[in-house]
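Residue numbers (the working numbering), protein chains in the order written: chain A, 1 to 168; chain B, 1 to 216.
These are computed hints drawn from the structure, not numbers from a lab.
Please read these numbers as outputs of a predicted model, since none were measured by experiment.
Here are the computed lysine-lysine pairs in the DSSO-like style, where the Cα-Cα straight-line distance is at most 27 Å:
#1 Lys-194(B) with Lys-50(A)
#2 Lys-13(B) with Lys-58(A)
#3 Lys-145(B) with Lys-105(A)
#4 Lys-190(B) with Lys-50(A)
#5 Lys-208(B) with Lys-58(A)
#6 Lys-208(B) with Lys-50(A)
#7 Lys-190(B) with Lys-105(A)
#8 Lys-50(A) with Lys-195(B)
#9 Lys-105(A) with Lys-170(B)
#10 Lys-13(B) with Lys-50(A)
#11 Lys-137(A) with Lys-113(B)
#12 Lys-138(A) with Lys-170(B)
#13 Lys-105(A) with Lys-194(B)
#14 Lys-194(B) with Lys-119(A)
#15 Lys-190(B) with Lys-119(A)
#16 Lys-208(B) with Lys-119(A)
#17 Lys-58(A) with Lys-45(B)
#18 Lys-195(B) with Lys-105(A)
#19 Lys-138(A) with Lys-113(B)
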Amino acid sequence: MVLIVNTTFDRSITDELKKQMDSRNIDAKIIETDSLRISPCIGCNFCWLKTPGECSVKDDYEIILKNLPHADQMWVISDTALGFLDHKGKNIYDRIIPIGTMYLKFVGNQMRHVPRYDKRTDVGIIYTGNPDVEYLKKWNTRAALNFEAGSLGVFSTDEIKEAVSCMC
Amino acid sequence: MHVLIINGSPRIKAHSNTDKILEKFTKGMTSKAATFKQYEISDRKQWDDIRKAFDESSEILIAIPLYVECIPGLLIEFLETLTPKKGDARISFILQGGFAEGIQLRCGEEYLKILSENLGCTYGGTLVKGDNFSIRFFEGEQRDKITSRYEEMGCEYAVNGNFHSEKCRKFTGPEILSAPVRLFVGLLQKTLAKKMFARIAEGWGCTKPLDYRPYQ
Ligand SMILES: Cc1cc2nc3c(=O)[nH]c(=O)nc-3n(C[C@H](O)[C@H](O)[C@H](O)COP(=O)(O)O)c2cc1C
Numbered sequence: 001m002v003l004i005v006n007t008t009f010d011r012s013i014t015d016e017l018k019k020q021m022d023s024r025n026i027d028a029k030i031i032e033t034d035s036l037r038i039s040p041c042i043g044c045n046f047c048w049l050k051t052p053g054e055c056s057v058k059d060d061y062e063i064i065l066k067n068l069p070h071a072d073q074m075w076v077i078s079d080t081a082l083g084f085l086d087h088k089g090k091n092i093y094d095r096i097i098p099i100g101t102m103y104l105k106f107v108g109n110q111m112r113h114v115p116r117y118d119k120r121t122d123v124g125i126i127y128t129g130n131p132d133v134e135y136l137k138k139w140n141t142r143a144a145l146n147f148e149a150g151s152l153g154v155f156s157t158d159e160i161k162e163a164v165s166c167m168c
Numbered sequence: 001m002h003v004l005i006i007n008g009s010p011r012i013k014a015h016s017n018t019d020k021i022l023e024k025f026t027k028g029m030t031s032k033a034a035t036f037k038q039y040e041i042s043d044r045k046q047w048d049d050i051r052k053a054f055d056e057s058s059e060i061l062i063a064i065p066l067y068v069e070c071i072p073g074l075l076i077e078f079l080e081t082l083t084p085k086k087g088d089a090r091i092s093f094i095l096q097g098g099f100a101e102g103i104q105l106r107c108g109e110e111y112l113k114i115l116s117e118n119l120g121c122t123y124g125g126t127l128v129k130g131d132n133f134s135i136r137f138f139e140g141e142q143r144d145k146i147t148s149r150y151e152e153m154g155c156e157y158a159v160n161g162n163f164h165s166e167k168c169r170k171f172t173g174p175e176i177l178s179a180p181v182r183l184f185v186g187l188l189q190k191t192l193a194k195k196m197f198a199r200i201a202e203g204w205g206c207t208k209p210l211d212y213r214p215y216q
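If we strip away everything but chain B, and leave its shape as in the complex, we get (with noise of 0.2 Å):
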């Protein structure tokens, strides 16, 4: 099986916690024979070398960061550009993002089988997870930690060529975390996690309250 990987995330490869996450995924995907050829939503100069391979692909997987509950503005920009297929495509996506809990990313999930009609593909499922946000801010073993866990999904994907096992559906995790863990990660939020922003943003050279007001 040979792959078209857009990574669908408008922040620049560099930086992007789903180009992390395609990292291992491909990995997977690889070590059971599967081919790939990925490219960058972020970097417009690709988008032409992107169309073309929309067009001559059959394989086509979508990796995207939910941005407000749905795909981010800058990949509906590049989507909005290409020609529909004749149903001779499956489109399969990886869906991520910050907050934990799976219920979070559904509203988006529900938008990718509307988007796959619209492309005139085949849908072949969404691998939904989330509590990715802090992938940028790490480095090694650490990381590895949040993003190892997509190297199965890869081989399970090239295995299968869609996301519709029961792994896959599990993978999410918890739809809504327990009462007991919300108590916990809510006081978390209120302490550590308070000083690690604030760690964070001084490193960036932030000189003002992360609560600062411009524009009252």
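If we strip away everything but chain A, and leave its shape as in the complex, we get (with noise of 0.2 Å):
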């Protein structure tokens, strides 16, 4: 399954990747969350601590929870602000913490957290605006190795149909 997390204001993104997906058989989940209260994470560890892997601010993110550990892939569609993405993309990816656990272990030579579930869940981007690409990319494929996933590339509005080939 692809999970595919909106958080523009503009379904005619959503609408066009629909279009492209459908002529490709994907199985996609998309989540609209301009009518969503997501909100930022706060940091409080309670996740990895003291509700193991439930996040305390209770919203509507935890829709995205439910659905990872069942995801393939998420794709993150998002503004972009100050060279990178807006704060309402950057969250989504901020408060998926919970998808890892408080232990510890080195992968190569860098430490990470272990997994919460078995499925990896590989990551992509697609934005609007002038971010610095190049910067998103490298950053993508980072964070996706915080959750030992892969990076699926990162793409502008103009390049869905570029996008939809990386979906499975």
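Starting from two chains that each stand alone, build the complex the way the hints lay out.
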């Protein structure tokens, strides 16, 4: 299953995605966050040490946490600001940490959190605006490493066809 | 030198590791006659005041916990509301994280140069250091052992006005841990650390195993 999280207010992006995905028979679940309440991570560490795997911020992000252990891929559609994802896009990544545990191990020569679930969810970005694309590509690869996953790439909204070609 | 200091952590001040780091860092700064005013991003009531201080300051320091390889979403939300300066200010950063290796913070550090440009400020460098996860779990001497290293860096910053010196560069420590150290730390994580985390969790009222899977 491919999980798509649209954090922009622009549903024409997901309309276009749907068209392209349907023609390729991709099993997708689309979450539009414009009608949801998703707050930032507050760094309480409860998801690791008090209510393992559950976020203490009780809002609509739980839909994403419920879907992640069953998703092969997650695509975040995000506006950009200050050369990077805007806060709504970044919040989706920050709030992902309950899928890791408090336990630590070395992967290669760097330390990582032991994942909570067996499934590994690769991540990709579809962006609007004018970010530093080279940096965003590099960052998404590093971010994915934190969940023992891979980066599916970083695409502008003009490159939806290319993004869909990376979907399984 | 008078510095606007912004604690960029989303965690409330009382529990923020960045705040404990700044406590020592500013002690060093003031010993070299620098002055400062500190604000917290975690407290939205302060945002108007921080914006005003940003507009009026020429020397700015943002202290940041690494959040998934970059800066926290909450800090981005605040920064999006700023009017960029016109090259008339210098901005420097303290970047700190949980993992111990310097390499873990480099991707975040790279972004801070991009951010400085986007904020219309001259880049004063970043003081980079990991291994800070446990600060909030310690008090007194044990906590000081981790945080007091920042005092000397506060002196450096007050004297140089930036983090470009060799001393600041070296402060990061090793980029990766050596193979024997990895072996030892790896073992520690499987044994003692697990027990320590279980003890903390119990103290916090946790009733489930730490690898529990609520959404399996
Ligand atoms: C959502 C989230 C993401 C984090 N990501 C990283 C990371 O990518 N690398 C790292 O070394 N530490 C990471 N950390 C750990 C924090 O940077 C570290 O615990 C820091 O000392 C917290 O400072 P504070 O208490 O001032 O917020 C993360 C913590 C949270 C809550």
